[in-house]
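> For reference, the chains in residue letters:
2 protein chains.
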Amino acid sequence: MRVFNFAAGPATLPLQVLEQARDELTDWQGCGMSVMEVSHRSGTFVAAARAAESRLRELLSVPPNYKVLFLQGGATGQFAAIPLNLAGAEARADYLNTGAWSKKAIAEARRFLAHVNVAADESATNYTTVPAAASLRLDPAAAYLHYTANETIGGVEFPYVPDSGAVPLIADMSSSILSRPVPVERFGLIYGGAQKNIGPAGLVVVIVREELLGRARPGTPSVWDYHAMAAEDSMLNTPPTFALYLAGLVFKWLQEQGGLSVIAARNEAKARALYEAIDGSGFYRNPVDKGCRSWMNVPFTLADPALDALFLSTARAAGLVNLEGHRSVGGMRASLYNAMPPEGVAALVACMKEFERRHG
Amino acid sequence: MRVFNFAAGPATLPLQVLEQARDELTDWQGCGMSVMEVSHRSGTFVAAARAAESRLRELLSVPPNYKVLFLQGGATGQFAAIPLNLAGAEARADYLNTGAWSKKAIAEARRFLAHVNVAADESATNYTTVPAAASLRLDPAAAYLHYTANETIGGVEFPYVPDSGAVPLIADMSSSILSRPVPVERFGLIYGGAQKNIGPAGLVVVIVREELLGRARPGTPSVWDYHAMAAEDSMLNTPPTFALYLAGLVFKWLQEQGGLSVIAARNEAKARALYEAIDGSGFYRNPVDKGCRSWMNVPFTLADPALDALFLSTARAAGLVNLEGHRSVGGMRASLYNAMPPEGVAALVACMKEFERRHG
Chain A
55 MRVFNFAAGP ATLPLQVLEQ ARDELTDWQG CGMSVMEVSH RSGTFVAAAR AAESRLRELL
115 SVPPNYKVLF LQGGATGQFA AIPLNLAGAE ARADYLNTGA WSKKAIAEAR RFLAHVNVAA
175 DESATNYTTV PAAASLRLDP AAAYLHYTAN ETIGGVEFPY VPDSGAVPLI ADMSSSILSR
235 PVPVERFGLI YGGAQKNIGP AGLVVVIVRE ELLGRARPGT PSVWDYHAMA AEDSMLNTPP
295 TFALYLAGLV FKWLQEQGGL SVIAARNEAK ARALYEAIDG SGFYRNPVDK GCRSWMNVPF
355 TLADPALDAL FLSTARAAGL VNLEGHRSVG GMRASLYNAM PPEGVAALVA CMKEFERRHG
Chain B
55 MRVFNFAAGP ATLPLQVLEQ ARDELTDWQG CGMSVMEVSH RSGTFVAAAR AAESRLRELL
115 SVPPNYKVLF LQGGATGQFA AIPLNLAGAE ARADYLNTGA WSKKAIAEAR RFLAHVNVAA
175 DESATNYTTV PAAASLRLDP AAAYLHYTAN ETIGGVEFPY VPDSGAVPLI ADMSSSILSR
235 PVPVERFGLI YGGAQKNIGP AGLVVVIVRE ELLGRARPGT PSVWDYHAMA AEDSMLNTPP
295 TFALYLAGLV FKWLQEQGGL SVIAARNEAK ARALYEAIDG SGFYRNPVDK GCRSWMNVPF
355 TLADPALDAL FLSTARAAGL VNLEGHRSVG GMRASLYNAM PPEGVAALVA CMKEFERRHG
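Chains A and B, in that order, are what the protein sequence lines are. If you read the first sequence in the numbering used here, its first letter stands for residue 55, the second for the next number, and so on. If you read the second sequence in the numbering used here, its first letter stands for residue 55, the second for the next number, and so on.
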């Protein structure tokens with residue numbers, strides 16, 4: 055009995071993908087071994103890794119002058135790897151602070167950079183909006199501009215791509231990658247942990263413009279040296295093979311759905327249904343400015359927080375799980391990643407309406 | 055149809071473990087979700103992670119003043135993390151060079167240390183032996199002594215634990231961890247990539263004496279800061295949850311087998327059977343000194359290398375796969391990790407004898 059899983063990550067995956075992984079778990083492609091047991095240097099595995107990369111490139115229309123890297127250490131690892139690869143120890147970089155994940159990226163960057171310029175800071179709004187495009191206080195001498203395209207906890211998503219001029223633009227897209235088309239050519243680097251829209255935790259995808267390779271400072275760990283990893287097709291050391299295999303199945307599933315335009319339309323409709331239910335209620339509330347509400351992560355509160363526990367148990371009884379808000383903010387949160395079917399959102403909306411009818 | 059998989063890593067896993075993972079892949083513990091889809095902060099997953107750590111501690115008799123960390127980035131990541139955590143930038147450290155993996159560890163350490171003292175170097179023997187215990191040219195001012203307990207490519211395994219005096223002893227046990235009991239209390243730190251005796255690639259286990267925590271130099275990436283990771287029970291960021299789950303199943307399987315004394319006896323018998331077949335043949339040859347032959351990785355050559363391809367295809371036809379030697383050395387290699395049953399070794403020996411009878 056599968057449930058509708060609204061967790062923020064690790065998160066729900068397409069059932070079709072899980073069933074394929076299950077069916078071939080002890081015998082992959084008739085080789086008599088699990089994909090977990092196969093050498094990353096074997097022809098079959100290398101072919102699967104190449105296919106995964108090709109599918110991802112096609113889905114995101116990644117230009118040929120960009121490398122796609124499959125690395126370990128999560129987005130938090132990249133918080134360190136980015137300054138190590140793209141800025142000298144004496145360098146400066148711009149960061150936009152729009153919530154919990156921006157703050158973490160900034161804190162880690164401060165360990166590696168002489169100066170982090172917070173070019174916009176939404177802490178005064180309690181992270182309920184994003185800065186206006188014209189308000190960014192950018193440093194023309196910055197090594198790069200970093201921002202968090204979607205804040206998983208706050209549920210704030212940039213409705214625009216910041217204009218960083220000649221400075222390379224870097225986006226943490228952990229919780230929004232593959233949810234809609236993205237103009238990759240406007241970015242120096244895009245990265246995202248796998249455990250939302252890509253696959254199992256333990257894999258992080260980095261898409262980086264080739265001209266940014268080869269700038270790593272001395273003392274950059276080899277497994278995070280973009281140039282060294284690109285030269286070895288992400289196999290300088292053993293990659294997380296099972297996670298990479300599963301990501302390939304998810305990419306294939308996305309293509310079968312019709313690609314990111316179809317996925318984006320579906321995601322927009324899912325998010326609209328939930329936000330309309332919230333806004334139309336007077337019982338539920340989402341604090342985020344309407345212009346920058348996340349399609350992926352929808353936090354909401356009840357008029358009476360004393361009812362939170364009852365709401366969560368009622369939802370759980372209806373097969374709607376992991377709706378708890380992040381431990382740092384409380385309330386509720388529904389994550390609507392690609393693998394969440396519209397039926398899951400419809401069931402949630404129905405549950406919310408019935409709960410309001412009985413307790414509102 | 056499962057085969058006997060002699061790959062060096064990623065490597066064969068216990069079928070019982072794979073079957074359990076398969077059976078619960080879309081519905082873990084009746085929660086209606088895959089273990090891949092469950093939050094790492096959920097009660098069920100935290101309990102599974104704690105159980106995995108407890109089982110590992112019990113298997114290896116890890117003393118209470120040691121922390122067990124589950125990290126990302128593989129052993130190659132630890133080649134960087136070890137100097138970052140345990141030595142200042144001006145520090146010196148001792149390394150023993152006994153083969154390909156020692157060399158990689160040394161090359162990476164040189165990126166982070168003012169001086170790497172190669173306290174023993176077996177390159178002159180073509181890495182067919184280990185240094186005598188009394189011959190190590192140790193630096194009493196070294197921050198630590200690092201060695202590779204088992205060389206996966208060369209098939210050389212230390213039959214003794216080096217005496218590093220007051221200097222912390224560090225061992226890369228990627229390809230020998232859990233193959234036999236180990237006196238953990240003699241080590242400052244033991245680490246190992248999962249993809250041989252632990253589980254899927256993408257997980258690295260670090261067992262470190264608590265007094266060595268908190269020494270990380272400024273600029274150590276948070277996800278590799280042992281102190282920070284220990285404080286968060288290895289969940290400073292999202293861990294590779296599926297790999298950790300599967301490692302827990304492997305630890306449980308090891309306990310069900312009777313623990314490491316039973317496993318060690320089985321491994322010794324498996325290795326002895328293969329080495330006896332090689333030494334008794336005149337047709338096959340293993341170049342390693344008898345006193346330090348690996349139980350886990352057995353490289354061997356044929357009297358006539360022109361027969362290599364025929365041997366490999368003959369073995370493959372008998373369901374014995376991945377016997378190719380490492381691409382850097384050629385010949386053959388049979389890896390006999392814990393999950394390789396004695397029946398697999400018996401089948402290999404039988405195949406070798408028949409091949410010699412026909413072509414010797």
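Hints in this document: simulated from the structure, not taken from any laboratory. Glycine residues also receive a C-beta, built at the ideal position from the N, C-alpha and C atoms. Please note that the accuracy of each hint is not assured.
Each pair of labels, with its calculated beta carbon distance range [said to hold, decoys possible]:
| no. | chain 1 | residue 1 | chain 2 | residue 2 | range |
| --- | --- | --- | --- | --- | --- |
| 1 | A | Ala401 | B | Arg56 | 32 to 42 Å |
| 2 | B | Glu112 | A | Arg56 | 31 to 41 Å |
| 3 | B | Glu397 | A | Ala105 | 53 to 63 Å |
| 4 | B | Leu361 | A | Glu265 | 10 to 20 Å |
| 5 | B | Glu330 | A | Pro117 | 50 to 60 Å |
| 6 | A | Ala363 | B | Glu112 | 34 to 44 Å |
| 7 | A | Asn171 | B | Val316 | 29 to 39 Å |
| 8 | A | Ala372 | B | Ala323 | 54 to 64 Å |
| 9 | B | Glu264 | A | Ala143 | 28 to 38 Å |
> Tell me the numbers of any earlier hints that the structure contravenes, in ascending order.
Of the numbered hints, 3, 4 and 7 do not hold.
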